[in-house]
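Sequence lines, in order, name chains A and B.
Residue numbering for the first sequence follows numbering that gives the first Met the number 0, starting at 0 and increasing by one per position.
Residue numbering for the second sequence follows numbering that gives the first Met the number 0, starting at 0 and increasing by one per position.
One or more hints might be untrue.
One copy or any two copies: either way a pair holds, since identical chains are not told apart in the list.
To be verified - DSS-like mimics (lysine-lysine), calculated; alpha carbons at most 30 Å apart, straight line: (1) K76 to K393; (2) K98 to K416; (3) K459 to K106; (4) K76 to K56; (5) K360 to K152; (6) K98 to K451.
Hints were generated in silico from the structure; no laboratory data involved.
2 protein chains.
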Amino acid sequence: MFRTHTCGELNLSNVNETVTLSGWVSVLRDKGFMIWIDLRDRYGITQLIIDEERSEKALLDAARTLGREFVIQVTGKVIERASKNPNIPTGEIEILVEKLEILNESKLPPFTIEDKTDGGEELRMQYRYLDIRRNPVKNKLIFRHNVAQEVRKYLSDQGFIEVETPVLIKSTPEGARDFVVPSRMNPGQFYALPQSPQTFKQLMMVGGLDRYFQIVKCFRDEDLRADRQPEFTQIDCEMAFVEQEDILNIFEGLTKYLLKSIHNIDIEKFPRMTYDEAMRRYGNDKPDIRFGMEFHELDDLARDKGFDVFDKEELIVGICAPTLNSYTRKDIDRLLEWVQRPQIGARGFVWVRVNEDGTFKSSADKFYSEEHLASWAERMGAQKGDLMIVMAGKANDTRKQLSALRMELAERLELRKPDEFAPLWVVDFPLLEWDEESGRYHAMHHPFTSPKPEDISKLKSAPGEVRANAYDLVLNGNEIGGGSIRIYDRELQSQMFELLGFTAEQAQEQFGFLMNAFQYGAPPHGGIAFGFDRLVSILDGSETIRDYIAFPKNNSGRDVMIDAPAAIDQTQLDELEISLVKK
Amino acid sequence: MFRTHTCGELNLSNVNETVTLSGWVSVLRDKGFMIWIDLRDRYGITQLIIDEERSEKALLDAARTLGREFVIQVTGKVIERASKNPNIPTGEIEILVEKLEILNESKLPPFTIEDKTDGGEELRMQYRYLDIRRNPVKNKLIFRHNVAQEVRKYLSDQGFIEVETPVLIKSTPEGARDFVVPSRMNPGQFYALPQSPQTFKQLMMVGGLDRYFQIVKCFRDEDLRADRQPEFTQIDCEMAFVEQEDILNIFEGLTKYLLKSIHNIDIEKFPRMTYDEAMRRYGNDKPDIRFGMEFHELDDLARDKGFDVFDKEELIVGICAPTLNSYTRKDIDRLLEWVQRPQIGARGFVWVRVNEDGTFKSSADKFYSEEHLASWAERMGAQKGDLMIVMAGKANDTRKQLSALRMELAERLELRKPDEFAPLWVVDFPLLEWDEESGRYHAMHHPFTSPKPEDISKLKSAPGEVRANAYDLVLNGNEIGGGSIRIYDRELQSQMFELLGFTAEQAQEQFGFLMNAFQYGAPPHGGIAFGFDRLVSILDGSETIRDYIAFPKNNSGRDVMIDAPAAIDQTQLDELEISLVKK
Chain A
0 MFRTHTCGEL
10 NLSNVNETVT
20 LSGWVSVLRD
30 KGFMIWIDLR
40 DRYGITQLII
50 DEERSEKALL
60 DAARTLGREF
70 VIQVTGKVIE
80 RASKNPNIPT
90 GEIEILVEKL
100 EILNESKLPP
110 FTIEDKTDGG
120 EELRMQYRYL
130 DIRRNPVKNK
140 LIFRHNVAQE
150 VRKYLSDQGF
160 IEVETPVLIK
170 STPEGARDFV
180 VPSRMNPGQF
190 YALPQSPQTF
200 KQLMMVGGLD
210 RYFQIVKCFR
220 DEDLRADRQP
230 EFTQIDCEMA
240 FVEQEDILNI
250 FEGLTKYLLK
260 SIHNIDIEKF
270 PRMTYDEAMR
280 RYGNDKPDIR
290 FGMEFHELDD
300 LARDKGFDVF
310 DKEELIVGIC
320 APTLNSYTRK
330 DIDRLLEWVQ
340 RPQIGARGFV
350 WVRVNEDGTF
360 KSSADKFYSE
370 EHLASWAERM
380 GAQKGDLMIV
390 MAGKANDTRK
400 QLSALRMELA
410 ERLELRKPDE
420 FAPLWVVDFP
430 LLEWDEESGR
440 YHAMHHPFTS
450 PKPEDISKLK
460 SAPGEVRANA
470 YDLVLNGNEI
480 GGGSIRIYDR
490 ELQSQMFELL
500 GFTAEQAQEQ
510 FGFLMNAFQY
520 GAPPHGGIAF
530 GFDRLVSILD
540 GSETIRDYIA
550 FPKNNSGRDV
560 MIDAPAAIDQ
570 TQLDELEISL
580 VKK
Chain B
0 MFRTHTCGEL
10 NLSNVNETVT
20 LSGWVSVLRD
30 KGFMIWIDLR
40 DRYGITQLII
50 DEERSEKALL
60 DAARTLGREF
70 VIQVTGKVIE
80 RASKNPNIPT
90 GEIEILVEKL
100 EILNESKLPP
110 FTIEDKTDGG
120 EELRMQYRYL
130 DIRRNPVKNK
140 LIFRHNVAQE
150 VRKYLSDQGF
160 IEVETPVLIK
170 STPEGARDFV
180 VPSRMNPGQF
190 YALPQSPQTF
200 KQLMMVGGLD
210 RYFQIVKCFR
220 DEDLRADRQP
230 EFTQIDCEMA
240 FVEQEDILNI
250 FEGLTKYLLK
260 SIHNIDIEKF
270 PRMTYDEAMR
280 RYGNDKPDIR
290 FGMEFHELDD
300 LARDKGFDVF
310 DKEELIVGIC
320 APTLNSYTRK
330 DIDRLLEWVQ
340 RPQIGARGFV
350 WVRVNEDGTF
360 KSSADKFYSE
370 EHLASWAERM
380 GAQKGDLMIV
390 MAGKANDTRK
400 QLSALRMELA
410 ERLELRKPDE
420 FAPLWVVDFP
430 LLEWDEESGR
440 YHAMHHPFTS
450 PKPEDISKLK
460 SAPGEVRANA
470 YDLVLNGNEI
480 GGGSIRIYDR
490 ELQSQMFELL
500 GFTAEQAQEQ
510 FGFLMNAFQY
520 GAPPHGGIAF
530 GFDRLVSILD
540 GSETIRDYIA
550 FPKNNSGRDV
560 MIDAPAAIDQ
570 TQLDELEISL
580 VKK
């Protein structure tokens, strides 16, 4: 037996007991006549003591051979500490070591195993097995486990059953790019890894399973942006015989349950906002509503005042940044540069200081009188000491740019509090979005999303105006879940594929099994999927998904620890009947 | 709202309530003046009634348009049934329908949606979404969900944390064949799908996570035998600072917990048997101990009696089949043919009838006297009416053949009772097995398994005799779990790779990250993995794994429902920089 206790559990009630502990040497302090060791395991740290007075000399000698991260086993007596450490649960005791065994040695780790380490991200990823010895990383993985357990508990209690859907499925060129897997037994053919179990969960609804969920790995072969992983985890859910309202209630319930069980936070009823309203008020379909700085349209107040830059544009819209009159001229210039970066792409903005004496000072003083600016301030509810920022341009672009600025300012003003949680349902998404490049409509959610019944008549005449029974759950400015009521009528589904530019043959080849299934009594159904990696990080007050993944990949899709992907043997290629194309 | 209740919950306490139900038309009986409909959903069946006396004529007309598996929504009053059905929870009531709406029509299904269907396996797999409407299939999926929940509960309560390991990893030619995934971002390189998260779980132990588990999909590109799936699910577990005994206790606990929570069966302490003993007593390292028919070696009794067929063989071994003296001469001949089939490959056997009068009759009467046969009977504990069957040959082959016969006879005698559970630990497996084909040793479990410390000295001199700290959990003749204490010493691991024929370079290239990790304070650790698909089926009293998988693949690795794998577009191949090799 390697231990009688863990390093996190001994306290004054154990004094005089003889115990055995195992763990890693975290810190060793050698005062000559006395040696202290902080022994660490997953559960905590326990102080070991060896001294000239009470210990055999051989023990002191042995202790002096120990290095950081050596794995040792000790037996000794629990004694009360002279100087107690109130910051750790074991801080009132220490172990007077009687027996010490080195279980394994350790080279000096490439970075320190401490909460604040000296290791950079690259190095920590390469030695991820050492990184996860650190509390911040370990605790994030435990947090993730706890959230997963709570999700499963809630959904199971609600009658959902978790069903595993296949990982080796069929490639569908619609949507993002698939990872594919050559089939040795079926040469020339490939499986694809699922981007989501979408069609399987719909088939399960046709199959009468009624309430399904799964915490499941999904795959997308996309060029990786920061915090996008080629493999990611979803909480995938589907329900039959439901309307949108039923789904919102169940998953609002899930989110409330998680906030309560994890943070002991009660939230009454989640606010709801249509897509149009979210875009108008926040320029964003996933607004962070923990803070204000809402958009205010100024077309009626700022147009036709001789300011050519505004006059010719589709939309004039501004936000009021609280307390930001504190910005110097230089600060504002830098902010201007920030919005002009290619990532944001704004041409610029007009700023208006709201001075302490109630006067205004703006970058367009030539065109707008004190009175004009006062009318802007009134609309925006600007207070003394605030800074108004106004942009103009094409409506969609300008909203997007101003939204980016709003989020940036909120970061700077520390308005995005990690321990505050503001969920929001965004509903009534457009069914389709026009894609300039391909010159056709794309499904905004996916091709299985149902149009609102009252908008179906517009499918042919004005497809762009058709709204969908689709909804997103937004938490603190992040989309944590999205879903829709599905089409369950074969005819409507065919019409939808046609609208999306599928020929009848393509639709049959790729989704024939679903279309066939719809002929055999498909019930009304709908569902939602949560990005689990993101949900976990947001619930933990972070937005860095990678930290919550045990073995993440870097931005080139590489696992730098195991060095994958890698070349494979020619025999493997031969068996698969494929060859590499030299470029 | 589509329903106020499900089809499984209404009873006499709901009489006179007006309810709305949705579901599938399971059965429709039209007596002319009265129509009954069995409405089905996941939760049960509720009888609907429409009659000339109490219902509007339009309703009867509408009901007559319904076909099997139509999806309907009805509103009506709960009334007490005249003739009750005690076999279903809703059998005391029916719904007098007031409103009927067809939500979706259905073509006639290709097989009947009933517990005993007329559909063959092929057809049912093609229309799996209809198959899972049937109770036996649906209930198996719900059972699987329940087992998964219980497993997670037990392990979480024991301090295990579930960590998701990557699916896109690196190919290692050792072991079974990998599925590979070409990397578009790293042309010419491939990911592999994991055959198990083995190295990752060991790295997590190096990382101090202490207790890890995961219910996880694994992948093996093998030619499929019956009931082998290219993707399958494991309960994967690992613990640090443990000896074999600790692991056996924890996972004996898990199995007990499952038997108790699922079947309310208490099992005291699981028996243990060494590999050698299991082979000697049952000819099998996963013996079904629900019944006897143990092996008895007869070398000392049956050799040198002039029977040449036995005399020259390595092993003479028999079993006693209870009551099987009832077999006619013809039955025995057929049994002889059965063991001579190529799948079994035995040359034959000697049979000995134990007659009701205590005399014996054998197929080798010429060589063995009544007295000889009595000594055999005594050793085997044969009773009047039994049949002794004795084989001879090379020890290993003969044991395997006799084991197959033992299992076959147990099936015929109905000794393998599905509601009886007999777990067994098999321990002390050999570390290595000699592979004739490659002329070298292979790891019996895997290359990370630790030899027993007392046998390490034999690693060089007599590798075949080295026993491993490896163990299997056997349930009802099936290996449901297997694991080992791992090597955590870099030197020993190198030695092991060498023994298995790896060059130092190969070992470094394939497992370098693990070898490196062992330099930084690897703790003693070990683990186990359960085949979850098999565990679930055995716990449910079945051995047909495929029934417990929602969307299984056939023996060619195909999903016949979605028709995967399939050809992919040339543009996909081009992006991946691979091409098909025409053979």
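Hints breached by this structure:
1, 2, 5
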